[in-house]
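Engineer: Listed below are the residues making up each chain.
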Amino acid sequence: MTVKEVSGKNNVCDRKVFKEIFKRLSGDIYNFLYYKYGPGNNPEDLMQEAFSKLWSNCEKVTPEKAKSYLFTIANNSMLNELSKKKTALTYRNNSTVKSSTGETPEFIYEENEFNERLQKALDELSEDQRVTLMLNRVEGKRHKEIAEMLGISRKAVEKRIYKALAILEKKIGKI
Amino acid sequence: MKRESIITKWLRGELSDEEKDHFEKSEEFRLLRKIDASLQDFKSPGLSERDEPEAKTPSNERFLQRKRNRRFRYASIAAAIVLFSLVTVLWMAKPVTDQVVINSSGQDFLYLPDSSSVSLNKASLITYDPQDWESERALTLDGEAFFKVKKGSTFKVKTSQGEISVLGTSFSVTDREDYFEVTCFEGIVSVNFDEYVKTLTRGKSFRSVDHVVTLPDLLDGGESSPAWLRGETRFRSLPVRTVIRDFERQYDVRIYTGDIDTNSIISGSFVHDDIDVAIQGITIPLNCRYKIAEGKITLYK
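If you're matching them up, the sequences are chains A and B in order.
Count along the first sequence starting at 1, add 9, and that's the number in the working numbering.
Count along the second sequence starting at 1, add 54, and that's the number in the working numbering.
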């Protein structure tokens, strides 16, 4: 991600170009934040924020770089939000800090027991494993595409999916 | 591992017809299919309106909530890649780099994979490998930057002229009656005691015995933790009564000193696992004798 000024008209300051990028990528950025960090961390807001930051910096970004720029900004904004949250928890109440580290997530009492176990197992995957797995199995993204989205190698994508499935298999056991 | 390669091949869609046939009959395949199917229930709700999505804040903190209407469908492995324009083709053809280069023409700010952050001044360049970050936190810098480093493994900044390593911090604190001491083992700590504010670097100590403040050098060499963590209490230039109190705590005994001067200063050590050997750690420097009975020790000249 280079942040040099881009000369000429090859940047995303064109409203039409920007709108097209938004149409194509807003869903992906949203999904990335949703699967990695969960619904409780305002993935939609932060997705919007990423795009508005892209717009403010439009002269510096070419359409080719927009995708990696957006993913990086979105991830950074989320990490920023999360670190603010952590501090807030620490100062508010000491006992809350204890419970926020390493406590098992609440079960959702669903009729389907299998999904209940799957829910718990998903929560226990690492963020990276989870987002990679969901983008592939649920959003249908190919390994190569995921590799570009997340800025890792294709091999790393395969490894994460393999590991995630192995963990899910282990935790869920038999059908 | 055979299982590993089969699954990997399956994930890549590289199984031969024969292997596929065989795999699809396995118990594991059944489980994986069921997991795949159920994962669809955890699909993200997506954006409300594609063109101008409203800012919605989900009310539930729970992660990956199930959708209300369950729709079982298998994830399509072969997703259609839509080619809008030459621009899109260029994106897909872009090689995946495994090193990130951040070059700032103005000031710049970024988070590293572990949430440590870097602020770059104008005309500065940093390079690092995000994939490798978990095993080694190292980057190169050419120019000027400000780092905020999260706790973790050693953080290294390499420049053409020198290398900077960020160390952790470790220190011990003793807070007993009339005896207060802080020793820094690594990093820097600041001690606030009465009207004193003292900064300690590695190997330095702050001590107050009966409100007399000293800055002794208590570490001999490259210790990285206090001796009492390794089965031995060491004391340097402490009054006898302070050492005795520590001994009493360690062995759960009462020590009677008669008319021995407990204000005299001694140095030495005592082990934690042998009371006979240990008490001599005190009696020898004190030049006295001892008698051990049930739960009590008597010292006498």
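Because the hints were derived from the structure by calculation, they are not lab data.
For clarity, every value in this text was computed on a predicted model and none was experimentally measured.
Heads up, the beta-carbon is just placed ideally off N, CA and C, and yes, glycines get one too.
Worth double-checking, as some hints may not be accurate.
Calculated pairs, BS3-like style, for lysine-lysine (alpha carbon to alpha carbon, straight line, at most 27 angstroms) [to be verified]:
1. A/164 with B/88
2. A/179 with B/88
3. A/69 with B/355
4. B/176 with A/76
5. B/97 with A/179
6. A/62 with B/88
7. A/153 with B/202
8. A/62 with B/202
9. A/180 with B/204
10. B/74 with A/153
11. A/172 with B/97
12. B/74 with A/62
Computed Cβ-Cβ distance ranges for the label pairs, DEER-style [stated by the list, open to error]:
13. A/132 with B/207: 24 to 30 angstroms
14. A/91 with B/232: 53 to 59 angstroms
15. B/327 with A/133: 38 to 44 angstroms
16. A/65 with B/274: 55 to 61 angstroms
17. A/125 with B/223: 21 to 27 angstroms
Not close to chain A: a few residues of chain B, all C-beta gaps over 12 angstroms, as computed [as the list claims (entries may be wrong)]:
18. 167
19. 204
20. 208
21. 223
22. 225
23. 231
24. 232
25. 253
26. 257
Engineer: Mind listing which of the numbered hints don't hold for this structure, in increasing order?
Structural biologist: 3, 6, 7, 9, 12, 14, 17, 18, 19
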